[in-house]
Amino acid sequence: MKTWYHSWRAALRIARRDAWRSKGRSFLVLSMIALPILGVSAFDLTLRSAELSTQEQLDRTLGQADAQIADPGFGGDPLYQNPEADSYTPVADHKNGTWPDGPGDISKAVPAGATVLEDTTGVGKLRTTHGLLQTEIRELKAADPIADGIMRLNEGRFPERAGEVAATSHFLEVSGLRVGSELTARGLGSVYRIVGAYELPDSLETDQVNALPGAFLAPLDKALQADGLPGSNPSTTQLVRVPGGFTWNMVKEANTHGVLVTSRAVALNPPADADVPLYQQDDQQRYAQSAVADATELAAIGTIVGLAMLEICLLAGPAFAVGARRSRRQLGLVGANGGDRRHIRAIVLGGGLVIGVASAVIGTVLGLGLTYVLRPVLEDYLGQRFGGFDIRPLELLGIALLAVLTGLLAAIVPAVTASRQTVLASLTGRRGVRGSSRVLPVLGLIAVALGAVIALYGSTMTDQFAIVAGGSAIAELGVVALTPALVGLFGRLGRWLPLSPRLALRDAVRNRGRTAPAVAAVLAAVAGTVAVSTYAASSDAQNRAAYEPQLPRGAISVMIDEEGGRDVPAVRTAVQKNLPVDLRADVDRISVGKPSCSMYGGDDGCGRYELVVPKAQQCPLWSTGPDDPSEKFSKAERRKLAKDWRCKQDTVYGGVEAGVLIGDTALLKILGIKDPGAEKALADGRVVSFDKRNVNAAGKIDILLITDTEAAETARGKGLPLPGAVKSIPAHQVKGNPNAYGLAVIMTPATAKAAGISTVPLGAYYSSSVLPNDTQKQKLDAELAKTGSQVNLHIESGFTSENSIVLLALTVFAGLVTIGAAGIATGLAQADAEADLKTLAAVGAPARVRRTLSGFQCAVVAAMGVLLGSAAGVLPAIGLRLTERRGELKWYQQSLDEGWGVVTAPYVPVVIPWATLAALLIAVPLGAAILAALVTRSHRTLGRRAAA
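Each step along the sequence shown adds one to the number in my numbering, with nothing skipped, and position 431 is 557.
Careful: at least some of the hints might be erroneous.
With a Cα cut of at most 35 Å, we get these calculated DSBU-like pairs of lysine-lysine [stated by the list, open to error]: (1) Lys758 x Lys844; (2) Lys720 x Lys879; (3) Lys774 x Lys761; (4) Lys267 x Lys378; (5) Lys720 x Lys912; (6) Lys800 x Lys703; (7) Lys818 x Lys844; (8) Lys703 x Lys806; (9) Lys720 x Lys818; (10) Lys795 x Lys905; (11) Lys769 x Lys806; (12) Lys879 x Lys818; (13) Lys720 x Lys348; (14) Lys818 x Lys761; (15) Lys149 x Lys267; (16) Lys826 x Lys703; (17) Lys720 x Lys703; (18) Lys800 x Lys766; (19) Lys703 x Lys795; (20) Lys844 x Lys769; (21) Lys741 x Lys826; (22) Lys879 x Lys795; (23) Lys905 x Lys703; (24) Lys806 x Lys741.
It is worth saying that the hints were derived from the structure and are not from the lab. All of these numbers come straight from a predicted model, not from anything done at the bench.
Take the sequences, apply the hints, and build the full model.
Here you go:
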């Protein structure tokens, strides 16, 4: 008795032999299915291997310690923390008072009988073969068993004496040093010997050196302080080993001393939320992604996977149809020997199953193998070591099943078509005529209408991108279903075409079963490309309109806010030496407190300054006190005040605090300030003001120098005048509204000195009539790197699009898919039309007709797919842009209602990427036609007529 098992076994054997005989076609389909499987399986393995378990992460953070105790800087005030130690808050309510600040004493939280290992980290500028490099300096006895796992030794050994250090491999690579080299720090006379190279498994690109506790940071800080420079800013944590582990109760006890604890025992066995005091606070609930967000994420992933499978099926389906068509005699023999339609379907579906299984196996194995071989490359790219080679069999099996399902789905339509052929037609090679389905176009129209309604609703009634994207996807599937009917409409153009293109078009229309899938595949790829290209081009237009230059075109600025401008002279010279500059203007900044203080630093002995705005010229909507002044006004009053000149907000940052810069008339020329009165004012010892709000009734500008920043913040919180010395300087207000590029005040060094204001070097501005090339920029970068400072360099070159390479890549991708799909359809057409081609050769048709016909067949499929895809792709992009426009208009109206000062109406254009469309509509079909014509044999081949 024969069962389904025996029939499927025979069908699979036949399918396997057919696949082996037609190696080229099988390899093509296998590649289309296996390549995505390879990528997804490799991605899955990489993702899982890079995800560390809790134990692995603790080993890299704590080593073999039971806990790490750190000072969060609350001045010892008690705090609440979560079990993961990544969220914490003071116990006391400081909403209406000063937030706790200052160092605490972590030693108070160490349990009795614990073993402690200190871990101190600071920064310093170390000398390399190229200059200076800002480097992290870590003092940890790395050879101690407690620290095992934090650092991985690659070469040599860890330091054992005070004059020895180890360095990360990345530091040695960028510094040009090696194990055995001598190492010195700027400002410190001591010399250290590099005795080992190591890596931080969680941060492979960190530049760090390791020394024994007290061997590097303390001498460096002493030397820097002697020179009046800021220190290494060290911070210390303690690695603690406690018999029995560091429990949650011990963590809460340590929190009472104002310290933060990362506990191994707590992380591995976290307490219930009810036992975590932090979670009992009103504003400190545990964060969890909502079910709606999870469902939306799964829907998005499912949509992407479904569309990818559809694209593969549309591309692979015609290839299976080619196989079925070329094996029609064999399938006819099966029918002549008692096989029925289900056996024919089983044979063709067996081909899809064989290819799908082979693709799953090959794709998965190659994905695993490539991930294993490329593991060092992937780890370097991610910047961290894998925890292990984490293979998830169920996930890989699911990915492999997608390949099998894709192969079966791609073979369904060819299987049904082949089973409908009569035995006589299969044996004689004759093709019957079958009308197109009337149900599919109706379903397509319904899907297009439904998708359009959903997308329209999403773009006009909501702010949800997901609704627009979902409606667009449904509409695109409807267009795919309509493709056979649309192909038929294209056939009406044939009467106006020459012979070869007319034959090609009519052949495509008459054989929609093979034409429609290829056109649909091209349509889907082109639609996605056009949608993304339209969105990117529109975003570029919006960003170009919103772009605000920081300097006049071609101008250059360079600034350093470190060590009191110690490296500024060298940087000024480097820019002038390496870039084509015309005019240079050196600039300084105001310094309050020690000269080594940074602009916004809050270190001891460091202050700051502010421009004093007269009360009558202050924006009524702004306040520094505890109350919100905007609440005193109605919505209409807030909307009016938002456009008041006193409430204007600067949108360009001038690179200096309060926009006050110390410079001369050369700076005015570089900025393009054409005001003779401004140059005269600087020469007369007055300041130049670009913001009339800062000039008081006496025609002066008041600058408040604040030396006690804590007292100033306390006074600000209470709405009281800020303590400090006020310097009043006569001012010249520039007429009109010149673009000062974020600057509010310019004064000369002599004026600042006369007013009793201290200054330090900041940088320089340069004018240039020619933008520097890449070579000049690279040379300058190399020079600046030698300083080891954080140099802020800006070259104003205008708006630069970041989407050009994206548009080019998308165009190339769509072109490749188009050529591939059109080539498959052309191969199927040649298989179908072999008898017609022989007839043409027999009646004396020129040899070039075969090439011409093949080229036009390929061009017809490409042109139809590109044309339909372009139309289908523009609509969702327009919908997304309309949704963005509604969202930005809503924000704009809310800003006016709340008095936030946003007075510029949003500009959200829709721009059609005509260059991309031209390449797709003209270049891609033309290229496909030429390629098909070149690879088609043109010699005449006469054959015997098939037996009737």
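Hint check results:
A hinted pair counts as satisfied when its Cα atoms are at most 35 Å apart, and Lys758 with Lys844 qualifies at roughly 18 Å. For a cut-off of 35 Å, the pair hint linking Lys720 to Lys879 stands: about 16 Å separates their Cα positions. Annotation: proposed proximity of Lys774 to Lys761 holds, straight-line Cα distance about 18 Å (limit 35 Å). Proximity of Lys267 to Lys378 is assessed by CA-CA distance (about 28 Å); at most 35 Å being required, the pair is judged to hold.
Pair hint Lys720 plus Lys912 holds up; C-alpha atoms about 26 Å apart against a cutoff of 35 Å. With a CA separation close to 28 Å, the supplied pair Lys800 and Lys703 stays within the 35 Å bound. About 27 Å separates the Cα atoms of Lys818 and Lys844, which keeps this hinted pair within 35 Å; it holds. Proposed proximity of Lys703 and Lys806 is supported: the alpha carbons are some 31 Å apart, at most 35 Å.
Between Lys720 and Lys818, the direct Cα distance comes to roughly 31 Å. Compliance with the 35 Å bound is thereby established for this hinted pair. Straight-line distance between C-alpha atoms of Lys795 and Lys905 comes to about 27 Å, which keeps the hinted pair within the 35 Å bound. With a CA separation close to 33 Å, the supplied pair Lys769 and Lys806 stays within the 35 Å bound. Our distance criterion of 35 Å between C-alpha atoms is met by Lys879 and Lys818, whose separation comes to about 24 Å.
Under the criterion of a C-alpha separation no larger than 35 Å, the hint pairing Lys720 with Lys348 is consistent with the structure, at around 16 Å. Between the alpha carbons of Lys818 and Lys761 the distance comes to roughly 27 Å, so the proposed pair stays at or under 35 Å and holds. Restraint check for Lys149 and Lys267: the C-alpha separation of about 63 Å exceeds 35 Å, so the hint is violated. Restraint check for Lys826 and Lys703: the C-alpha separation of about 39 Å exceeds 35 Å, so the hint is violated.
Distance hint between Lys720 and Lys703 is fulfilled; the C-alpha atoms sit about 31 Å from each other, no more than 35 Å. Pair hint Lys800 plus Lys766 holds up; C-alpha atoms about 32 Å apart against a cutoff of 35 Å. With a CA separation close to 21 Å, the supplied pair Lys703 and Lys795 stays within the 35 Å bound. About 28 Å separates the Cα atoms of Lys844 and Lys769, which keeps this hinted pair within 35 Å; it holds.
Straight-line distance between C-alpha atoms of Lys741 and Lys826 comes to about 14 Å, which keeps the hinted pair within the 35 Å bound. Only pairs whose Cα atoms come within 35 Å are accepted, and Lys879 paired with Lys795 is accepted, the gap being roughly 23 Å. Distance check on the hinted pair: Lys905 and Lys703 sit about 10 Å apart at the alpha-carbon level, within 35 Å; holds. At roughly 29 Å between alpha-carbon atoms, Lys806 and Lys741 fall within 35 Å of each other, so this suggested pair holds.
In summary, the numbered hints that this structure violates are 15 and 16.
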